[in-house]
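Trainee: Fit chain B with the ligand to the supplied structure of chain Z, relying on the hints for placement.
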Amino acid sequence: MGKKVLLDYGSGGKASQRLISELFLKYLGNERLNRLDDAAFLTNLDGPLAMSTDSYTVDPLFFPGGNIGSLAVHGTVNDVAMLGARPMFLSCAFIIEEGLEMEVLEEIVASMGEAAKKSGVEIVTGDTKVVPKGAVDKIFINTTGIGQIVANPAPSGHRAKPGDVIIVSGSMGDHGLAILSHRQGIAFDSNVESDSAPLNHLVLKLVQEIPDIHVLRDPTRGGLATTLNEIAQQSQVECLIFEDKIPIREEVKGGCSFLGLDPLYLANEGKLICILPENQAEKALEIMRSDPLAQECAIIGQVSDERPGKVVLETGLGGHRLLDMLEGEQLPRIC
Amino acid sequence: MNLHDGLKDPKLCRNVLRQIEAEVDEQFRFMEVCGTHTVAIFQSGLRSILPDKIIHLSGPGCPVCVTHEREVAAYLELAEKEDAIIATFGDLMRVPGPDKKNLKDAQAEGARIKVVYSAFDALKVAMENPQDKVVFLGIGFETTAPTIAATLKVAKEQGINNFYVLSFHKLVPPALKALVQDKEIKVEGFLLPGHVSTIIGLEPYKFLAQEYNIPAVISGFEPLDILQAILMMLRQKNNHEAKVTNNYKRAVADIGNPKARQVMDEVFEVVDTFWRGIGVIPQSGLGLNRDYERFDALKAFNLTLPDVAPIAGCRCGDVLKGKVRPDECPLFKKACSPASPVGPCMVSTEGSCAAYFKYMVE
Ligand code: SF4
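Going line by line, the protein sequences match chains Z and B. In this text, residue positions in the first sequence follow my numbering: the first is 1, and each later residue adds one. In this text, residue positions in the second sequence follow my numbering: the first is 336, and each later residue adds one.
With the rest of the complex left out, here is chain Z (with noise of 0.2 Å):
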């Protein structure tokens, strides 16, 4: 049987700095987190900042696309971003269950360390408790991470304006269906990947030559619907989009019929919404098609000041319906 966590390596003591030194420095080192003071030094930051935290509670903690690791840099980066910023540092704290594997952590770790060198943050200063079995469910992951606005003004949730046109830069709900069809209790296959990914990249390039982007968002949880129920209500603005210009692979209908789910309120991990004068939305299909996360990217929708707070579907049949913002989680239905 593998080596496990054991509490000890939460003590402060001599087994956290062997946890520390020979795992988290091993896949996360870099000059700053190697000098292990109480606080990271940071320097290269100037100028406005953005700044954003979230907690990784995932289930499963290994899916086709990624795991915990991976998802909890490749999430706050683009948190960060989605501020117009380019993510640079990020603190991570880990709160593990006592008898977690050893082997699970590492991976994890390691997949850590691979995500940040792909976005080009790194991970300066972090934390590890170890919690009695049962106190937590494996393990937990916290990251925060910093970054400087590049973007002038910066896109914001409140920017949206009528005559904007929506583009989501692709397929929605894979991450949600991934994670779904892999949890444990659901009878189905799917070939789904999540579509966890840095998007720093991406929209670097997209508020260096469109200054003018309104809102860039990414739909995490809650999907497409939620996301554009927070920015119309934002802004005031009325969102209506078209159901057949919305990129959504089949394998993701097919489970979420199955499942009596809407994709439009699963998560993605790795797309974003990006509002915009319609006069710039071809550029911007442009630099999205250009990089390798955006190929799917699609004009589905435009702003107007009809109904403000709301979202409205417009169906492949032309008739309209509100798309509300969810009540709790969706559920799975009886028959």
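No lab work stands behind these hints, which were simulated from the structure alone. Incorrect hints may appear among the rest.
DSSO-like, lysine-lysine: derived pairs with alpha carbons at most 30 Å apart [to be verified]:
1) K468(B) / K436(B)
2) K669(B) / K310(Z)
3) K161(Z) / K205(Z)
4) K449(B) / K4(Z)
5) K310(Z) / K346(B)
6) K133(Z) / K416(B)
Mentor: Same frame as chain Z, now just chain B with the ligand:
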């Protein structure tokens, strides 16, 4: 293009829609009796493009919505038992009980509740927790009953003695009968439930046409399915005839699924049961029969179905019977919303109040 795309094809749909427009002269009131139809009609935007003369009513088609207040009270009481683990489909988690408490609240207070995706998963929970009593909340129509019956057969064969079912299953045809016998409800056509029909087939609906002269069509859930079914009913009405037709042959055999019915028969017996908003409908529910008595949670936990006063102001019953539209209920969007649902029609994803709230563009 696969089959499903074809059934969503806007051109084909528009053709049928144009025929409906051409052939409807007076009002035509049809009712669907399946929550999945309700949602499909709203989600596809069909409701907003059907001619005004086609009046669409949502019937008692959502298993959560028709679960009687007493039954909700009973399973909430069960949640308080320390030795019980409840296994349930997710839909039931937010249905408010008599004192507004729901399973989510019970869970936060310490009740052990597992959301499962099938009855077999519930059985697995029982096998993994031999020291506890695991109760599966058996709510649903003919669609869910066979798998639950099959699960019970396995439990019996394997001698698993810590698994129970609270059987509040309901049968669709007796409810349809109760509806058409109510003189105030004037339904001129029934969109029959695709899923339930895969099990029971055509036969049990025939009384609608034969005794009550009402056309009824078993329909799939794609927009084209539904539009075709409406057109078929409308034509029959215009020709003063009534038939029960299977327009969902790709999934439903006319004779249904005899094997599934046989498993149901082995495990269940038909009993009188309560329907929310409707009351007792004779011979419209399924209880566990003598051979399966020991799996019956009602008996194992000595549960009685308490008398519960209906919620003041809630018109769920009338909504389920198609007597009022959800937005005609005085509580709709006021005291009652998905955030604080008063009745189950607002909780269930397939409930008609929730569908009106969620999808209707004003
Ligand atoms: S709106 Fe609420 S209170 Fe009114 S009938 Fe529907 S569920 Fe009951």
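Trainee: State for each hint whether it applies.
Mentor: Hint-by-hint comparison with the structure:
no.	hint	in the structure
1	K468(B) / K436(B)	holds (23 Å)
2	K669(B) / K310(Z)	holds (18 Å)
3	K161(Z) / K205(Z)	holds (22 Å)
4	K449(B) / K4(Z)	holds (28 Å)
5	K310(Z) / K346(B)	holds (28 Å)
6	K133(Z) / K416(B)	holds (25 Å)
In summary, the structure agrees with every hint in the numbered list given earlier.
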